[in-house]
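With the hints as extra help, turn the sequences into a complete structure.
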Amino acid sequence: MTDPSADPKQLRRTLERLAPGTALRDGLERIQRGHTGGLIVLGDTPEVIQICDGGIEFDVPFQATLLRELSKMDGAVVLSSDGSRIVRANVQLVPSPSYPTGETGTRHRAAERTALQTGVPTVSVSASMNTLTLYAHGQRHLLDEPAVLSARANQALSTVERYRARLDLAGQRLFVAEMNDYATVADVLNVLQRQIMLERAANDMDEGIVELGVDSRQLRLQLTELRGSITEDIEMLVRDYITSPTVPSDEQVADALAALGRLPDSELLNSASLARPLGLPASEENLMQDVSPRGYRALSRVPRVQKFLMDQIVSEFGSLAELLAASPERLAGAERVSPLWARHIYEGLRHLA
8 MTDPSADPKQ LRRTLERLAP GTALRDGLER IQRGHTGGLI VLGDTPEVIQ
58 ICDGGIEFDV PFQATLLREL SKMDGAVVLS SDGSRIVRAN VQLVPSPSYP
108 TGETGTRHRA AERTALQTGV PTVSVSASMN TLTLYAHGQR HLLDEPAVLS
158 ARANQALSTV ERYRARLDLA GQRLFVAEMN DYATVADVLN VLQRQIMLER
208 AANDMDEGIV ELGVDSRQLR LQLTELRGSI TEDIEMLVRD YITSPTVPSD
258 EQVADALAAL GRLPDSELLN SASLARPLGL PASEENLMQD VSPRGYRALS
308 RVPRVQKFLM DQIVSEFGSL AELLAASPER LAGAERVSPL WARHIYEGLR
358 HLA
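In terms of the working numbering, the sequence shown is residues 8 to 360.
Check each hint, because a few of them may be wrong.
As the list claims (entries may be wrong) - Restraint ranges, calculated between C-beta atoms of paired labels, are given here:
#, residue 1, residue 2, range
1, ASP175, SER91, 45 to 51 Å
2, ALA265, MET80, 48 to 54 Å
3, ARG227, ASN97, 22 to 28 Å
4, ALA265, SER345, 34 to 40 Å
5, GLN162, VAL221, 17 to 23 Å
6, ALA261, MET136, 17 to 23 Å
7, PHE65, ASP175, 56 to 62 Å
8, PRO346, ARG19, 46 to 52 Å
9, ALA279, ARG92, 53 to 59 Å
10, ARG19, LEU276, 28 to 34 Å
11, ALA360, ARG269, 35 to 41 Å
12, PRO107, ARG308, 50 to 56 Å
13, SER345, LEU149, 57 to 63 Å
Derived from the structure by calculation, the hints contain no laboratory data.
The C-beta atom is built at its ideal place from N, Cα and C for all residues, glycine as well.
Here is the structure:
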């Protein structure tokens with residue numbers, strides 16, 4: 008079950024509520040270990056109450072052990088919307104049969120239709136399969152055990168590490184080529200390809216480890232270090248090389264970034280697909296054509312230089328080669344660049360070179 012309009016951020020928040028280490032996940036795992044099965048509705052909105060038939064109404068603080076005991080009865084357990092209280096138990100859910108479901112078991116069919124009709128996340132604990140299944144925000148999501156999640160996350164981290172190593176190598180080669188004024192279209196596209204691959208792999212892993220809950224802390228720290236400033240790095244590369252007679256506008260850059268973001272993974276290996284949003288030569292015979300950066304990536308490596316200063320300097324000099332040849336006095340001639348900033352930028356670029 009997948010709804011194209013589903014909000015991934017809402018699903019992420021729900022998964023955080025169900026992550027290992029939370030009281031709710033503890034309760035679900037107790038039901039799972041007991042092999043009795045269960046049906047838990049994670050909210051008591053009017054839409055949920057409307058489809059509840061029979062059962063016991065009360066209002067008690069949530070406890071994992073109590074959730075386990077109440078689930079021994081055949082009916083569903085309804086929690087408050089904030090998850091802090093148990094408000095109903097042994098409830099029969101009667102959602103409309105008009106909502107489509109691909110499930111065959113009675114409990115899973117009721118869970119899926121309840122989530123679709125009410126918009127409230129619902130968890131089904133299978134007694135026979137010993138699995139936890141979340142139905143939420145138009146999606147069906149199997150809640151794996153922490154050991155499985157951890158193994159998958161570590162595998163994903165290894166992939167991100169490989170992408171970072173390849174990007175660092177390609178980026179250094181491009182930077183040397185830029186500093187010596189022999190960069191080519193192929194060099195630029197090679198770095199752009201690796202940047203996007205790293206960003207996507209890191210984003211995928213970020214979504215995946217949310218299910219690890221308290222166990223994800225070390226993985227998050229490693230992922231943050233590997234990701235670095237990849238989003239800003241992609242933007243600086245685009246600003247350096249997008250085809251424009253003057254300093255590219257924010258709208259031009261945003262459009263190019265959006266076009267790159269829409270590329271399917273299979274197109275990342277196609278040089279023409281990467282070149283087209285930047286207006287670079289897309290044919291194979293033009294990949295070795297020389298290109299000259301404007302200087303954004305070099306300026307971004309100088310500490311504390313803000314974007315408005317980069318725009319002024321790039322507008323004044325036009326290319327990295329001209330910028331590297333400029334004296335502090337020449338840099339200070341650019342609009343809004345003080346002598347102090349000019350000296351700082353001059354020294355920073357000399358250090359890079």
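Comparing the hints with the structure gives:
Checked against the given bound of 45 to 51 Å, the beta carbons of ASP175 and SER91, roughly 47 Å apart, stay inside it. About 52 Å separates the C-beta atoms of ALA265 and MET80, a value consistent with the hinted range of 48 to 54 Å. Our hint of 22 to 28 Å for ARG227 and ASN97 is violated, since their Cβ atoms are close to 40 Å apart. Distance hint for ALA265 and SER345: a CB-CB separation of about 35 Å, consistent with the stated range 34 to 40 Å.
Roughly 20 Å separates the CB atoms of GLN162 and VAL221, a value that falls within the hinted 17 to 23 Å. The beta-carbon spacing between ALA261 and MET136, approximately 47 Å, falls outside the hinted interval of 17 to 23 Å. For PHE65 and ASP175, the Cβ-Cβ distance of about 59 Å falls inside the hinted range of 56 to 62 Å, so the restraint holds. Distance hint for PRO346 and ARG19: a CB-CB separation of about 49 Å, consistent with the stated range 46 to 52 Å.
For ALA279 and ARG92, the hinted distance range of 53 to 59 Å is satisfied, since their beta carbons lie about 58 Å from each other. Distance hint for ARG19 and LEU276: a CB-CB separation of about 29 Å, consistent with the stated range 28 to 34 Å. The beta-carbon spacing between ALA360 and ARG269, approximately 36 Å, falls within the hinted interval of 35 to 41 Å. Between PRO107 and ARG308 the Cβ separation comes to about 54 Å, which falls inside the hinted range of 50 to 56 Å.
Range check, SER345 to LEU149: Cβ separation about 59 Å, and the 57 to 63 Å hint holds.
This entry does not satisfy hints 3 and 6, going by the numbered hints stated previously.
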